[in-house]
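These protein sequences, in sequence, are chains G and P.
Going by our numbering, the first sequence opens with residue 75, and the numbers climb by one from there.
Going by our numbering, the second sequence opens with residue 327, and the numbers climb by one from there.
Hints may be right or wrong, so weigh each one.
[To be verified] No more than 27 Å apart at the CA atoms, straight line, and that leaves these computed lysine-lysine pairs for DSS-like:
#1 P/Lys517 with G/Lys212
#2 G/Lys212 with P/Lys341
#3 P/Lys328 with G/Lys194
#4 G/Lys87 with P/Lys740
#5 G/Lys158 with P/Lys328
#6 G/Lys141 with P/Lys743
#7 G/Lys88 with P/Lys344
#8 P/Lys328 with G/Lys212
#9 P/Lys328 with G/Lys87
#10 G/Lys210 with P/Lys328
Think of the hints as simulated: they come from the structure by calculation, not from any bench.
All of these numbers come straight from a predicted model, not from anything done at the bench.
Next come the chains, spelled out residue by residue.
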Amino acid sequence: MIEVKGVTKIYGKKDNEFKALSDVSFTIPDGGSVAILGKSGSGKSTLMHVMSGLDKPQIGQIIIDGKNILKLKAKEIDKFRSRKMSFIFQSFFVQGNESCYNNVSLPLEIADVSPSRRRKRVEAALRAVELYDKKKAKAKELSGGQKQRLAVARAIVNSPQILFADEPTGNLDSITGRVIENLLFNYHKKFHVTLVLVTHDPELSERCDIQIHIKDGVIDEIKRKKV
Amino acid sequence: MKIRDIVIRSGRSLKQAKARTILTSLAIAVGAFTITLSLAAGAGGRAYTDQIVKSNTDAKELSVTKTQPKNQQGPQKYSPNLGSTALSSELGIQTVLTQDDILKISKVPNVDSVSPDYNPVIKYITRVSQDKYIASVSTFSPSVTLTYAAGSTNGDIANNEIILTEEYVGALGFKNAQDSIGKMVEIAADKLSAPVTAPETKIFLFKIKAVSSKSGLAFRSQRSLLISNTVAKTLYDYINQDTHSYNYFLGASVRVNSAENADSVKNTLTGMGYTAQTASDILGVVNTFINVLQGILLGFGALAILTSIFGIINTQYISVLERTQQIGLMKALGMRKRDVGRLFKIEAAWIGFLGGAIGSGLAYVVGTLANPLISKALDLGDIRLLIFNPISMVIVVVGLILVSVASGILPARKASKLNPIDALRTE
Ligand SMILES: Nc1ncnc2c1ncn2[C@@H]1O[C@H](COP(=O)(O)OP(=O)(O)OP(=O)(O)O)[C@@H](O)[C@H]1O
Ligand SMILES: [Mg+2]
Chain G
75 MIEVKGVTKI YGKKDNEFKA LSDVSFTIPD GGSVAILGKS GSGKSTLMHV
125 MSGLDKPQIG QIIIDGKNIL KLKAKEIDKF RSRKMSFIFQ SFFVQGNESC
175 YNNVSLPLEI ADVSPSRRRK RVEAALRAVE LYDKKKAKAK ELSGGQKQRL
225 AVARAIVNSP QILFADEPTG NLDSITGRVI ENLLFNYHKK FHVTLVLVTH
275 DPELSERCDI QIHIKDGVID EIKRKKV
Chain P
327 MKIRDIVIRS GRSLKQAKAR TILTSLAIAV GAFTITLSLA AGAGGRAYTD
377 QIVKSNTDAK ELSVTKTQPK NQQGPQKYSP NLGSTALSSE LGIQTVLTQD
427 DILKISKVPN VDSVSPDYNP VIKYITRVSQ DKYIASVSTF SPSVTLTYAA
477 GSTNGDIANN EIILTEEYVG ALGFKNAQDS IGKMVEIAAD KLSAPVTAPE
527 TKIFLFKIKA VSSKSGLAFR SQRSLLISNT VAKTLYDYIN QDTHSYNYFL
577 GASVRVNSAE NADSVKNTLT GMGYTAQTAS DILGVVNTFI NVLQGILLGF
627 GALAILTSIF GIINTQYISV LERTQQIGLM KALGMRKRDV GRLFKIEAAW
677 IGFLGGAIGS GLAYVVGTLA NPLISKALDL GDIRLLIFNP ISMVIVVVGL
727 ILVSVASGIL PARKASKLNP IDALRTE
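Work the whole structure out from these sequences, hints included.
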């Protein structure tokens with residue numbers, strides 16, 4: 075379970091202060107899927123960064139599995155991030171000069187997985203996104219959709235508990251976007267992984283259990299799907 | 327992240343920027359090349375002088391001169407006592423040893439014998455129906471190792487015997503060195519005190535005992551013809567008697583009864599106002615000279631490395647800037663600050679390793695090829711003047727790796743401090 079309690083994030087100092095999030099609170103059950111919606115500049119990405127410990131809010135708590143991650147030491151947050159969560163970004167952030175294999179293997183190296191166990195898991199992840207035959211190709215040779223599939227493989231290779239995706243289909247055409255969407259939702263269903271999506275796409279948000287609407291850093295509305 | 331994985335990843339990212347990596351490491355290679363060569367030259371030089379001194383001197387032998395007056399600024403004031411004991415030589419005015427000094431030295435305990443440096447200046451050497459040649463003559467010493475082209479000595483030579491050098495064999499009309507052994511040569515000397523109007527010249531006859539061959543280990547003076555100490559004195563006496571410098575000597579060699587006593591005799595002589603040098607003193611003087619030269623070369627190497635440090639810092643800063651996104655992603659994936667820093671430090675280490683290996687490898691190849699050429703140019707026979715010590719080469723490479731890592735610290739710190747969110751915002 076992820077609990078967000080009274081989170082306020084302020085950028086800049088004194089005269090230049092800007093409240094990107096103010097007093098945001100909500101909870102997400104384990105294995106849930108959440109869509110964060112809102113206009114550009116409303117604070118969606120900021121919220122996601124705060125929830126993953128990448129950014130520190132001035133006020134509030136982020137409690138994951140009973141632990142307030144904002145109180146953890148840098149080393150422990152890093153460990154937490156490398157073992158329990160994954161990210162997918164709008165602009166892919168795959169390493170063009172590295173092979174697909176080495177792109178996917180990076181999170182496992184960071185998490186100290188031994189080379190022998192890495193191979194199986196990297197290959198399984200590449201198969202899951204249908205890029206196994208591109209294993210040795212450089213990432214920069216891939217198309218946009220393939221790059222995002224590679225990013226998905228990199229995100230699922232360490233079997234995370236929580237998967238964060240910041241507008242994962244934002245840079246893709248609708249058909250390719252649909253492929254990525256399906257990959258994410260299938261993975262979420264199959265492995266009971268918590269999925270946190272930032273999106274503008276109403277259709278995509280429809281598929282989530284919870285929809286959080288943000289407006290100027292404040293929660294406007296939270297919709298929960300009835301089961 | 328495991329060091330092994332970091333090393334592999336940093337190696338790959340260097341490979342992706344091949345030109346930049348190689349150019350940066352070439353700067354270090356220049357330093358490594360200079361340093362490796364100067365170390366080799368120093369080692370070779372010291373080994374060479376060590377060999378020379380060992381084969382030309384004897385631990386039982388001291389070379390003695392009168393201690394020269396110190397703090398002498400400008401010309402020395404005349405004094406009646408000084409006039410007779412100072413001799414002008416190529417080195418300027420030098421206080422000399424007199425017969426009294428020789429006597430005093432010979433009475434020092436543990437001194438076996440004292441023989442002044444005679445070095446008689448002869449007029450010419452020749453042989454029946456051959457041309458006349460000028461030559462320098464000095465005293466044969468059993469402790470000096472000689473190599474012979476023909477003939478040999480059994481530790482000493484008789485008073486009517488001479489050792490020729492190879493150059494005189496052909497000049498004096500012998501077919502070869504072997505052919506000359508046992509034949510007679512004539513040495514002519516002028517009596518210096520004879521009046522100009524009635525010059526006196528005397529011919530001395532010598533039988534050729536042996537022919538010494540050129541050796542890279544010989545002192546220059548050993549290029550001269552060698553005769554026994556006794557006959558050297560005879561020649562010296564004939565030439566110099568009744569001149570004002572007769573029986574004043576620039577130096578003398580003192581034989582001590584055992585090598586262990588050499589130092590104590592040296593101290594006694596120093597106390598008596600003489601300067602005595604043992605074989606190891608002479609070696610020390612020559613080695614100081616070599617060390618200074620080596621130090622200068624090393625300085626150039628160090629300068630090259632100092633410049634390359636800025637090269638590494640610059641390259642690594644650019645690398646950090648170029649890879650901002652990558653660093654951000656790695657940190658978002660939970661890579662620790664320490665490991666991000668290591669990634670860049672190890673990259674710098676790779677650059678240092680490459681530069682060090684290229685530079686000292688090249689120095690080794692060049693030095694190995696140049697060794698015979700240098701020996702030929704300096705007439706050293708089969709002596710090698712550049713000695714490459716694998717251990718010092720390893721130390722050079724390891725040292726350069728450390729220097730590179732140190733230069734990589736600032737860029738690495740910049741990388742490790744990068745805020746992942748800022749990094750990921752850059753499109
Ligand atoms: N480092 C920062 N310093 C100052 N202001 C910032 C910083 N990061 C974000 N902001 C501001 O915080 C607000 C929220 O930004 P955020 O990136 O969360 O928006 P968003 O909802 O993700 O928008 P988009 O849909 O365009 O991605 C914006 O007004 C932005 O200008
Ligand atoms: Mg955003």
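Under the criterion that the straight-line Cα-Cα distance not exceed 27 Å, is the pair P/Lys517, G/Lys212 satisfied?
With Cα atoms ~94 Å apart, P/Lys517 and G/Lys212 exceed 27 Å; violated.
Taken at face value, is the distance from the CA of G/Lys194 to the CA of P/Lys328 at most 27 Å?
With a Cα-Cα distance of about 19 Å, the restraint between P/Lys328 and G/Lys194 holds, given a limit of 27 Å.
Checking one constraint from the list: CA of G/Lys212 to CA of P/Lys341, max 27 Å. Satisfied?
Holds, because 14 Å separates the two Cα atoms, which is no more than 27 Å.
Would the hint linking G/Lys141 and P/Lys743 be met if the CA-CA limit is 27 Å?
Satisfied, since the Cα-Cα distance of roughly 26 Å is no more than 27 Å.
Between the alpha carbons of G/Lys158 and P/Lys328, is the straight-line distance 27 Å or under?
This hinted pair holds, its Cα atoms lying about 19 Å apart.
Hey, G/Lys88 versus P/Lys344, does the alpha-carbon distance stay inside 27 Å?
violated (47 Å)
Does the alpha-carbon distance linking P/Lys328 and G/Lys87 stay inside the 27 Å limit?
violated (39 Å)
Between G/Lys210 and P/Lys328, does the CA-CA distance stay at or below 27 Å?
holds (23 Å)
Pair hint outcome, P/Lys328 versus G/Lys212 [Cα-Cα no greater than 27 Å]
holds (24 Å)
Measure nothing beyond the straight line between the CA atoms of G/Lys87 and P/Lys740; if it is 27 Å or shorter, mark the hint as holding.
holds (23 Å)
Of the numbered hints given earlier, the model fails hints 1, 7 and 9; all others are met.
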